[in-house]
Amino acid sequence: MSATEEKEQAVSGQAEQGKEGGEQAAGRAEIKPTSTLSRAKLLKFLVLPLLVFGAGFVVNLFIGWVIFPRLLYSEKDQPIDFSHKIHVEAVEEGCESCHFFGEDGTFSGVPGAEKCAECHEERIGIHPEEAKLVEEYILPGKEIPWHIYARQPNCVYFSHAAHIKMAKLECVTCHGPVGESIHVKRYQQNRITGYSRDIWGWRISGIKTNSWDRMKMDDCADCHKKSGARNDCFVCHK
Amino acid sequence: MKLDRRTFVQFSLGSAAGITLSPLPWKLTDDIAIWTQNWSWVPVPERGEVSSVNSVCNLCPGGCGITVRKVGDRCTKIEGRHGYPVNNGSICILGESGLQLLYGPWRIPSPLRRAGKRGEGIWEKISWEDAITQVVQKLRALRQKGESHKVACISGPNSGTVSQLFARFLKAYGSPNFVQMASGRDTEELAMGLMHGTASPVAYDLEHASFILSFGSGLIEGWGSPVRVIKAHSIWRTRNLKERATVVQIEPRLSRTAAKADNWYPVRPGTEAALALGLAHVIVKESLYEHRFIDNYTFGFEDWTDSSGGNHIGFKRLVLTKYAPEAVSQVTGLPPRKIIDLARKFAKAKRPLATWGRGKGSRQGSLYECMAVHALNALVGNINREGGICPQPEVSTRTWPEVEQDEIARSGFGMPRLDGAGTDRYLHVKYLPERLPQAINEQQAGAVQALLVHEANPYYTMLDSTAVAEAFERIPFVVSFSTYLDETAQHADIILPNHHCLERWEDFHTPIGLQKPILALLRPVVPPQFDTRHAGDVIINIAKRLGGSVAKAFPWKDYETLLKWTMGDKWNTLEKRGFVQEANYKPPAWEEAFKTSSGKFEFYVKALERQGASQPQDIRCLPHYKTVEPEGDHANYPLTLIPAESIRLANGAIGNPPFCTKALPDTVLKGNDLFVEINPKTASNYGLSEGDSIILETPKARAKVLVHLFEGIMPEVIAIPSGLGHTAYDEFLAHKGVNANKLMGVVEDPVSGLSATWGARARIIKV
Chain S
1 MSATEEKEQA VSGQAEQGKE GGEQAAGRAE IKPTSTLSRA KLLKFLVLPL LVFGAGFVVN
61 LFIGWVIFPR LLYSEKDQPI DFSHKIHVEA VEEGCESCHF FGEDGTFSGV PGAEKCAECH
121 EERIGIHPEE AKLVEEYILP GKEIPWHIYA RQPNCVYFSH AAHIKMAKLE CVTCHGPVGE
181 SIHVKRYQQN RITGYSRDIW GWRISGIKTN SWDRMKMDDC ADCHKKSGAR NDCFVCHK
Chain X
239 MKLDRRTFVQ FSLGSAAGIT LSPLPWKLTD DIAIWTQNWS WVPVPERGEV SSVNSVCNLC
299 PGGCGITVRK VGDRCTKIEG RHGYPVNNGS ICILGESGLQ LLYGPWRIPS PLRRAGKRGE
359 GIWEKISWED AITQVVQKLR ALRQKGESHK VACISGPNSG TVSQLFARFL KAYGSPNFVQ
419 MASGRDTEEL AMGLMHGTAS PVAYDLEHAS FILSFGSGLI EGWGSPVRVI KAHSIWRTRN
479 LKERATVVQI EPRLSRTAAK ADNWYPVRPG TEAALALGLA HVIVKESLYE HRFIDNYTFG
539 FEDWTDSSGG NHIGFKRLVL TKYAPEAVSQ VTGLPPRKII DLARKFAKAK RPLATWGRGK
599 GSRQGSLYEC MAVHALNALV GNINREGGIC PQPEVSTRTW PEVEQDEIAR SGFGMPRLDG
659 AGTDRYLHVK YLPERLPQAI NEQQAGAVQA LLVHEANPYY TMLDSTAVAE AFERIPFVVS
719 FSTYLDETAQ HADIILPNHH CLERWEDFHT PIGLQKPILA LLRPVVPPQF DTRHAGDVII
779 NIAKRLGGSV AKAFPWKDYE TLLKWTMGDK WNTLEKRGFV QEANYKPPAW EEAFKTSSGK
839 FEFYVKALER QGASQPQDIR CLPHYKTVEP EGDHANYPLT LIPAESIRLA NGAIGNPPFC
899 TKALPDTVLK GNDLFVEINP KTASNYGLSE GDSIILETPK ARAKVLVHLF EGIMPEVIAI
959 PSGLGHTAYD EFLAHKGVNA NKLMGVVEDP VSGLSATWGA RARIIKV
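Top line first, the protein sequences correspond to chains S and X.
Numbering (the working numbering) for the first sequence: 1 to 238.
Numbering (the working numbering) for the second sequence: 239 to 1005.
If you are wondering where the hints come from, they were derived from the structure by calculation, not from laboratory data.
Glycine is no exception: its CB is placed at the ideal position from the N, C-alpha and C atoms.
Among the hints, a few may not be true.
[Said to hold, decoys possible] Computed from the model, here is a short list of chain X residues facing chain S with C-beta under 7 angstroms:
#, residue
1, G252
2, D269
3, W273
So here's chain X without its partners, still in its complex pose (with noise of 0.2 angstroms):
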C-alpha cells in the first residue's frame, strides 16, 4: 500500500474522528480558556490572610457603609455593609471604583513643587519638611505684611471636622475667605433657615412616601445619598400593586429617572418653579391642601395687616391671582389640563412629597424656586411628619475653644470677604463660591496671594472656567493638599498630598437628605501607599510653625487627638461601631418645629424684607417664579443647553474612575468624543444626522462634539453629559470630551447671590 493523498485523507478523517471522540479537544480548550486566566502579567493579589474592614466611602455626600475586602496588605473589594444604615449592603458603581482611585496612577506620591510653568505638568519631588517650611514662610509673610486676609482657602463642600479645621485655621491666622465649594445643600440650608428657622439641608422620608413628584431630581442618577434614594426607588416598585407608589418627573430631557417614572411631565428648562405654583395654584383653589396645618401652623398663607397697619398679600393670593394652569401653561409648555390633573392626585394622595435639586443635586440653583417646591410640601402639610420632610438633623458632637485672635487676625478677619458673602448684598449666606473667580478678577492684581485648596477642584467643578483660570493666573501661591493630580492640583505651585479615604481618620456627618442623625468614622483600612500626610495633620502643624495665637487655637497634638477629643463620650462607639445613629430620632412637632420669628412655617419670609429692593417687598418675601435667564441673546443663541447628570459618572472633585467610564455608553463617550443629546427635529432643521460633528456654542465658550439624535429631549434644548472633559489625571480620563461647566456661565440667584444656573443659551455650527 502506498502513501498517496486519498490515504493520508483517510488517515486524517480517522485521526480526527479519533481525537473528537476523546477527552483532548474539550480538556484542552478548557485547559486553555483557564489558561488565559491566569496569565503571569495578569495582577492577582499575593496570597495572604483574608479580612474585612468596615469604613465609610466619602466620595459623594452619600455616605455609605463600605466593607473592604483584604488579602494580606491589599484591598481586593469595596462592598456595600450589612446593616448600615444608609445603604445597607449595597454601593454605586464610584464606590465600587474606589479602589482605582487608591491604587491608580493618579496618585500623587509625595510633596511636590512646581518647576516648569502653571499647568505644565512639570514637578519636582521635594521632602515634607521643606514643603512645609516654603508654605509656612509664605504665609508667615504675608500676615507680618499685614496681607493676611488676602489668603483665601476653598474646601469640599462636606461639615467634617476637618474642613472645620482649615476654617479655624483662616480664623486664627486672620482671614475671612474661607469658601466651600458649592452644592445644592447651600440653597437649601437657606430655604430651610428661610422658612423653618432652621438652616439645615432638607431630609426627605423617601421609604414612606406614597406620590414623589421630582422636580428634576435624578433620583436613580445619584441624587441625594445616591444608594439610598435608588433602594427607595426600587420600595416604591416593589410593593403590591395597591400601595406601590407613584413617581412623577418634571424634566426637559427624558433622564432615566423619567423613563422610570409613573409619569413624565417635560417642562421648558428653568421654568420648574412656576409648575410648582401653578400646581399649588389648583390645589389652594380646590381647597385640597391640609387646613390643620395651613390654618394653625403657618404664616403669610392668607392676606395679613402688619403692627403699622400696612397690608400684605399672602401666599393664597399670589398662587390665584397669578399662577392660574393656564398662565402657567404658557411659561413651562405643560396644557393646563395636566398641571390640574397633576395638582389633584399630588394633593389627594396618602404621603405625597415634592423634591427638589435638578440632577444629582450638586447644584445650588434658584432660592425661590427651592421655596416653591417646598411650599408645595407644606401646602399638604407633609413637613416633620412621616413620608414627609423635615430639616435635616445631625448628632452633636464637642465644640472646639472659641480662636483667640491677635491683633493681626482681628484686623485681617474683619476685613470684607471677597466673594461678599454676608454683606448687606448678600445677607444670608456663608460663602458664595461660584462668585468668588469673578470677585478675584474684577479686583486689582493680587487681591489674593495665597490660595489653599482642600478636597475640592474648582479649576474643573466651578462654572465658567476660562474665569476660573483666570483668577488662578491672578494668585501667585497656590497650594493643593489633593490626592490625586487633578486640574487644581496640576496649576498648584505646591501640593502637599493628602491620604486617600481609605488610609485616614475622619468624621463624616449625616449622609444628604436623611431623616436619621448619623456620626460615622472613616478609617485607614491600608497603611498609606505614598509618601503622603493627614491634610489636618498638616493644617495644625502648619499653625503651630506659625506660632503665636495660631498656634494657640490648635491646642491638639495631631489630627487623630482633635477628632477623638471632638467625638467626645461618642469616640468608643465610632472607634467600635464605625458609627452612631439616632435611629429614634423623631422631628419635633408642629408646636415646637419652627424657629422663624413668627414661630410658624412661613410662606411669607419676614427675614427677606430686609433684602434689596429692587422687587416689591411682598413679592420679595414670598416663593414665586422669576426667570432665571442665562447669559446670550435669543437671536443669536436660539437654542438652549442643560448638563445631563449620570450615576455612571462622576462629576464632581473626584474625577471619574475607569471603571465608571467604561460603563459609558457610545452614544456618550466614543473614544475622546462626547455627544450631545439632541431631538431629531431640531437636528433636521439643522440638517444634522446621528454622528455628525458640530461646534457648540455658548457665550462662555465653543467645544467640538457629535450629534446623539434622541426622542426624549424637548426641541430646542441640547443636553450634554457632565463629567467628561478633563485635562487632568489620567490617560484614562484626560482629554475625554468635553466640560460642561466650562460652557455655563454663573447667573446669580438675584436673593440669595448664589448660583442659580440651570444651563447655558446656544448656538450649533455644522462643520
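Just chain S, same shape as in the assembly (with noise of 0.2 angstroms):
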C-alpha cells in the first residue's frame, strides 16, 4: 500500500468515522435540543402563533365588546330633555301625579300632553326644554313623540294594574330609580329587532346586577316564580 493510498484510506476512515460521530450527534439531539435550536423553535412554533391567535382574539374581543354594540343600536334623542327630579319635587302626589291608574285599570305609562297641560297650559318657568314643550307640543295641540324605553313586543300583554295595585310591587323594582333622573337617558334602538335597549339592558353582555337592569322574558319568569305568580304562557301571551 502507498503512501497515498494509506492516506486516503485514513481520509475514508475518518470520514467514516465523522459519518458515525454526526449521526451520534443528530441521535441524541432529538432527545435533548441544544440551547439555540430550541429557542428558534419555541419562536416559531408557541410565541408567534400565540401572538398571532392572541391578535385575532383581541381583536374580535374588541369587535364584539366594543364595536359591536355601536353598530348594533341606533340613537335617538327625546324630543324634550324631561327631568324627573325637578318634577318630583314639584308635584304633591309625587309619581302617581302623572303615573296613575285609570278607572278601568289602565295605567298612564307614559302621560299624554294633555296630561303636562294641566299645569304647563302657557310657560310657568324659564327653561328652553319648557319652552319647546308650550310651543311645539301644548300650543299646536300635538302629542309628544317620546320614545319608549320599556316598551314590551307586540306579543306580550303585560297589566301595570296587576303588578302594582296586586302584587304591590314598586316602581324602581323594574325601571330603576327613573325618578331621579334630571335628564332623560339617551334612547337606544336595536337595528335588527327595532326594540328598546332597555329590554336587553345596557350591557352588553345581558350581565344583571339590579332588578331593573333587564326586561326580557327570563327576568318576567324569574319574579313570576320567585313570588308564586302563574308562568303559564297564557298569563302573557293572550
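Hints given; two lone chains; assemble the complex.
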C-alpha cells in the first residue's frame, strides 16, 4: 500500500468515523435539544402562533364588546329633555301625579300632552325645554312623540294594575330610580329587532346586578317564579 | 412574518375564540330570533286602545259566554267569559277559532247573483236593493199563481228569534214547509214529550252525577254543550278517590271519551238499546230499582188493564221476558257477566246517570233507543233530582201576536207538508228535515219552486248527499242567507249574506243539556266587515215589500226593535249583563212533574197507541229494541261504517276553521287524504297494512281513503272522521278528505220518521 493510499484510507476512515459521529450527534439532538435550536423553535411554534392567535382574539373581543354594540344600536334623542327630579319635587302626589291608574285599570305609563298641559298650559318657568314643550306641543295640541324605553313586544300582554295594585311591586323594581333623573337618558333602538335597548339591558353582556337592569322574558319569569305567580304561556302571551 | 395558511388558521382560531367570548354571537342569535317574529309581512294588529266585549258564541249549540279582546277596531282574541254560567272562562277550539271565521277568506262580501251554472262558483255582485227585489218578485209571482206552498225554508236547529222569524214568514206567506235542520234534540224532545209530557231536550245534571253511563256520548268530544261537559268531566276526575265519579262508555270504538273512562264496553254498533234494556232486566230482576218512584209516579211498569178490560203488558214483564243477559249478549256481543255486573254497579251507585246521543249528539237517532236509556234513568229514580235528568227549562219571552193570514196564505199553509211531519204517519214530529230531499225527489218536478236557507248547510250536512244534490237540482230558485260561502250558498241562485255572529244582535236560548234556564244575547263586537245585513232585517224587509197580510205580520221596524220587544222586561239586563239566568230554578217535584195523560212518568207511552199498526200495540208503546238496519245486504257489504266525531273537527253547518284542521293528527288527515280506522284483524283479512289506499263503498257512494290500523275499533267496523270532504269554503278546507254524510243513507225511525241512521253497511276494495 502506498503512502497516498494509506492517506486516502485514513481520510475515508476519518470520514467514516465522522459519519458515525455525526449520526450519534443527531441522535442526541432528538433527545435533548441544544439551547440555540430550542429558542428558534419556541419562537416559531409557540410564541408566534400565540401572538397571531392573540391578535385575532383581541381584535374580535374588541369588535364583540365595543364595536358591535355601537353598530347594533341607533341612538335617538327624546323630543324633550325631561327632568323627573324637578317634577317629583314640584308635584304633590309623587309619581302618581302623572303616572296614575284609570278607573278601568289602565295605567298612564306615558302621560299624554294633555296631562302636561294641566300645569304647562302656558310657560311657568324659564327653562328652554319647557318653552319647547309649550310652543311645539301644547299650543298646537300635538302629542309628544316620546321614545318608550320599556315598550314590550306586541306579543306581550302586560298590566301595570296586576303588578302594582295586586302584587304591590314598587316602580323601581322594574324601572330603576327613574324618578331621580335630571336628564332623560339616551334612547337606543336595536337595529335588528326595533326594540329599545332597555329590554336587553344596557350591559351588552346581559349580566344584571339590579332587578331593573333587564326586561327580557326570563326576568319576568324569574320574578313570577319567585313570587309564586303563574308562569303559564297564556298569562302574558294572550 | 409572512401570511401563510398556518398564520391564517392561527388568526382565525384566535378570532373565533375572541368572538365566542364576546356577547356578539349570543346577542345576535337572540336578536335574529326576535327579528323573525317581526317581519313586516307578518300581520300585527295596529296599535290602538285595548278593550273587551262580552258576547255569546253560537257556533254550536253549546252557547258559551265569550270575551272578545279588541285592539282598536280589530278583534284579536276570543276567550271564554269568566263567571259565565255555562263555561266559566273556558272555551273550545272552535270558539277560539271564531276570528278566522270573521276575517277569513270564505266570508261573502256582498249580495251575489249566480252568473254561471249552479255550483260553478261564478258570481255577480249586486246591490242589496237589487237582490231583495229579485227575491220579492219571485215570491210575489209564486203567491199570485197560488203556489205559495211551493216555497220551502230550511233553518238552523236553534230556537232563537231569527229562526222563528223565518217560520213566521212562511206562515204569513202561505207555506207549511218550514223545516229546522236535524239535531239530537229532535229525538230527545220527542222522547221527553212522550214519557214526561214535556217536549224539551234532556237536561243532565252532570256535575253532581257519581256514575255516568254513556251510551256512545262523546263526553269530551263535543257532546252537549262541549265546554260545560268537559268541565264536568274534570270534576268527575279531580274529586278525591272516594267521591270520584265512575264513567262507563258504551261504544264500538275507543274514542277519547272511552279511553278516559273507567270502563269501556264495545258493543256492536246500533245495539245500544238492547244493552240498556238488558241492564234494565237485571235491575228489575234483582229489585235494584227506586221503588218509591216506580211505585208511585210511573205508569206502565207493571202489567195493567184498560177501562175496556183489555190486558196490557208492562215494562217489567217486557224486559224480564225478552232482555235476559244471555239474549242481550247475543245481540250486543258483550258477555252476560259484564252486563249483570254493569247493571248492579249502575243501580247501586249514589247518583247514577245514563246519557244518550252518539258522538256529539247532533244526529237524530232512534226513538226507542232514547226511550230505553231514559227508562234506565227512571228505574234508578233520578228524574228531576240532583245528579239526574229533567226536561230542559227555558226562560220565557214575550209571545208574538198571532199571524193573520189572508186567503192565499190560509190555503197555502193548509197544504200538506212535503216532509210529511205531523201527518198520521209521522204524528209526533214537527219537522223531518232528512226526509225532505227524498220527498222532493219523489214528487214531480216543481214541488218546490223556491227554497230559503238560513244558518244551515243542508247541501253538506244532510245524509245521502247525492239525493240532496238531486233535490237542489229540482228547485229552480235557491236563496241562501249564509255568512260563509258554504256548499249550500255555492249551489244557490242568490246569496243575501248575513252578518257574522260577532257582528250582530241575536238571542240565544238555554244551551243544550243545561238544567238551569239561561237567555243570552249575542251583540255586535265589531261593525260589519263587509256589505252584509242581518238575516232578521232582510226577512222583515222582504215581508214588508210583499205587502198585505204578509207585511202586517211583521209590525216591527227592524230586527233590533223586534228583539227588544220580544225580550220585554229582560232586555235591560240582557243588554247590561249579557244574559239572564234563573240560577235558583229547580225542576218540579215528582208529584207535579209529569204532564202525560196519566199524570205520571210513562214507561208505557199511551200517546203511541195511535201510531201505525205494524207492531203489536203493547210493544209499540214500550221502549224496546228493534234493529235499525242500514241499507245494503250483509253478503255484499260485510263491514259496518260508523262516523267518528271529534271536538277538533266541526261537522255541522260551520266549516272547520284552519286552526282546528291544523290540530288534526296525521292519522286522520294527511294532505288531502282521509284515513279510516280499521282493526288490524279485519285489515289482515283484506291484506291491508297502515297507509294503504282503499276504495270504501256503501250502497250510497264510494270514496278513496287510506287505512289507519287501530286496535281500538271493533273488528268488521270501520270509522270515518266526520266533518271533512267539503267542496266549498276555501283552499284550507275544500277537497280535504271525504264527506261522511255522503256515504250514509237515511234510515227512517219506524215511529218518529226522524233519521235513525248511526252508520252504513260497507265494503272495501284494495287499490
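Verification of the supplied hints:
The criterion of a C-beta within 7 angstroms of any C-beta in chain S is met by G252(X), whose closest approach is roughly 3 angstroms, and the hint holds. The interface hint given for D269(X) holds, since its Cβ lies 4 angstroms from the closest Cβ of chain S, which is under the 7 angstroms cut-off. At a threshold of 7 angstroms, the smallest CB-CB gap from W273(X) to chain S is about 5 angstroms, leaving the interface hint in force.
Hint compliance for this structure: no hint is broken.
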